[in-house]
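Novice: Sequence:
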Amino acid sequence: MPAAILLAGGAMDVLCDRRPAHLPWWMPSVFSWPVYGGCILALWLYCRGWRRLRRQGMISGIGPGRAPVFFLLGVGAIYAVLQTHFLYAAQHLFTFNRVQHLAMHHLGPFLIALSDPGPVLRHGAPPWLRAALGRPAIRAAIRAVMRWVQHPMPACLLFFGLVWLWLIPPVHVRAMLDPTLFAVMNASMVIDGLLFWFLILDPRPGGGGGILSQPARLFLVTAVQLPQIAAGAAIAFAGRDIYPYYDICGRLVPGIDAGLDQQIGGSIVCYGGGMMSALAALILFGRLWRDDRPAATVRGAA
1 MPAAILLAGG AMDVLCDRRP AHLPWWMPSV FSWPVYGGCI LALWLYCRGW
51 RRLRRQGMIS GIGPGRAPVF FLLGVGAIYA VLQTHFLYAA QHLFTFNRVQ
101 HLAMHHLGPF LIALSDPGPV LRHGAPPWLR AALGRPAIRA AIRAVMRWVQ
151 HPMPACLLFF GLVWLWLIPP VHVRAMLDPT LFAVMNASMV IDGLLFWFLI
201 LDPRPGGGGG ILSQPARLFL VTAVQLPQIA AGAAIAFAGR DIYPYYDICG
251 RLVPGIDAGL DQQIGGSIVC YGGGMMSALA ALILFGRLWR DDRPAATVRG
301 AA
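Just so we're aligned, residue 1 is where the sequence shown starts under the numbering used here, counting upward by one.
Do not rely on the hints blindly, as some may be mistaken.
Label-pair distances were calculated between CB atoms; the ranges are [stated by the list, open to error]:
| id | residue 1 | residue 2 | range |
| --- | --- | --- | --- |
| 1 | PRO179 | LEU15 | 12 to 22 Å |
| 2 | ALA187 | PRO126 | 21 to 31 Å |
| 3 | ILE191 | CYS47 | 17 to 27 Å |
| 4 | LEU121 | VAL173 | 33 to 43 Å |
| 5 | ALA144 | LEU121 | 20 to 30 Å |
| 6 | ILE5 | PRO244 | 36 to 46 Å |
Just so you know, these hints were derived from the structure itself, not from any lab.
Note that the Cβ used here is the ideal one computed from N, Cα and C, for glycine as well.
With the hints as extra help, turn the sequences into a complete structure.
Specialist: Below, the structure is given as C-alpha cells:
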C-alpha cells in the first residue's frame, strides 16, 4: 500500500506540473507532498488499525459508534481545501479563504478529535514506528511538549492568537504572496486545530492525572470564541479594503467587490468559529450530564 500511495502521489505531482489547466476540480491545483502524504497516510494507518482491531474483536471499546465516519470526514475536509481546486479559489477570494481556514482550524480537526483515533492509529502503525515512539527519551520529549502546548493558557492563546496573526492585513498579504509562508500558515492552522480540539474533546473524564476537567474545557471553548467574534466583526465592518491582495490577483467572483467579500469573510470568522465552539459546548454539557447520572441515581436510592 505505501508503494501505491507513492506512485499515486508521483503521478499527481507530474500532472499538476505539466497539465494543470486540464485537471478536474477534485485534483490539486498545486500538489503538496506534505499535505498529500499526511492525509493519505493517516487514512491508511487508520484503516489498517481498524481492520486489526476488528479481527481481534476490540472495536466496541474504541471511540464513538460513528468514529470512522468522523475521522474520514475530518481528514477529507482538510484534504479538500488544500489538495483540490478549492485551494485556487481560496487564493482568489477572501470569502473562500475563510472557508478554507474554518475547515483547517475548526471543522477538520474537530471531527478528527471527536473520532478519538489514537488507539486505532496505534494499532495501524508499523512495528518500527511504535518502537521508535515508545523509547523513553522520545516519549518524555513528546509529553513535555504536549504538556506545554495543551496547557489551558497557551492552548487558548495559540488558538485565537493564530487566527488573529494570519488576519493582520500586512501578514495576510505577505503569506498569500510567499509560497513558503503560505505553507507555514496552513500547517500552523491544521496543527494548532488538532492540538486544541484533542484537548477539548478528550473522551477521558477530567479532573485528575493532568486531564482537563469538563467545566475547564467549557470555559476554554467560550474564551476562544469571543476574540474570534471580535476579529470577524472588525473585518466585516472595516469600511475599506484591508486586504488588497485579492484585487491584485483578481477576485474569482466578479460580482463580489472588496467590501462584500470582507463582510462575508468576516461573518465566517465571527459565526463559523462560534458555531464550532457552541457544538463543542453541547458535547461537553452532554458528558457532564452523563457523568452526573450515576451520582444522582445513588443519591436517589439512598
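Novice: If a hint holds in the structure, say so; if it does not, say that too.
Specialist: Hints, verified against the model:
1. PRO179 <-> LEU15: 12 to 22 Å: holds (19 Å)
2. ALA187 <-> PRO126: 21 to 31 Å: About 24 Å separates the Cβ atoms of ALA187 and PRO126, which means 21 to 31 Å holds.
3. ILE191 <-> CYS47: 17 to 27 Å: About 23 Å separates the Cβ atoms of ILE191 and CYS47, which means 17 to 27 Å holds.
4. LEU121 <-> VAL173: 33 to 43 Å: The hinted range 33 to 43 Å holds for LEU121 and VAL173, with Cβ atoms some 37 Å apart.
5. ALA144 <-> LEU121: 20 to 30 Å: holds (21 Å)
6. ILE5 <-> PRO244: 36 to 46 Å: At roughly 40 Å between Cβ atoms, PRO244 and ILE5 fall inside 36 to 46 Å, so the hint holds.
Of the numbered hints listed earlier, not one is contradicted by the structure.
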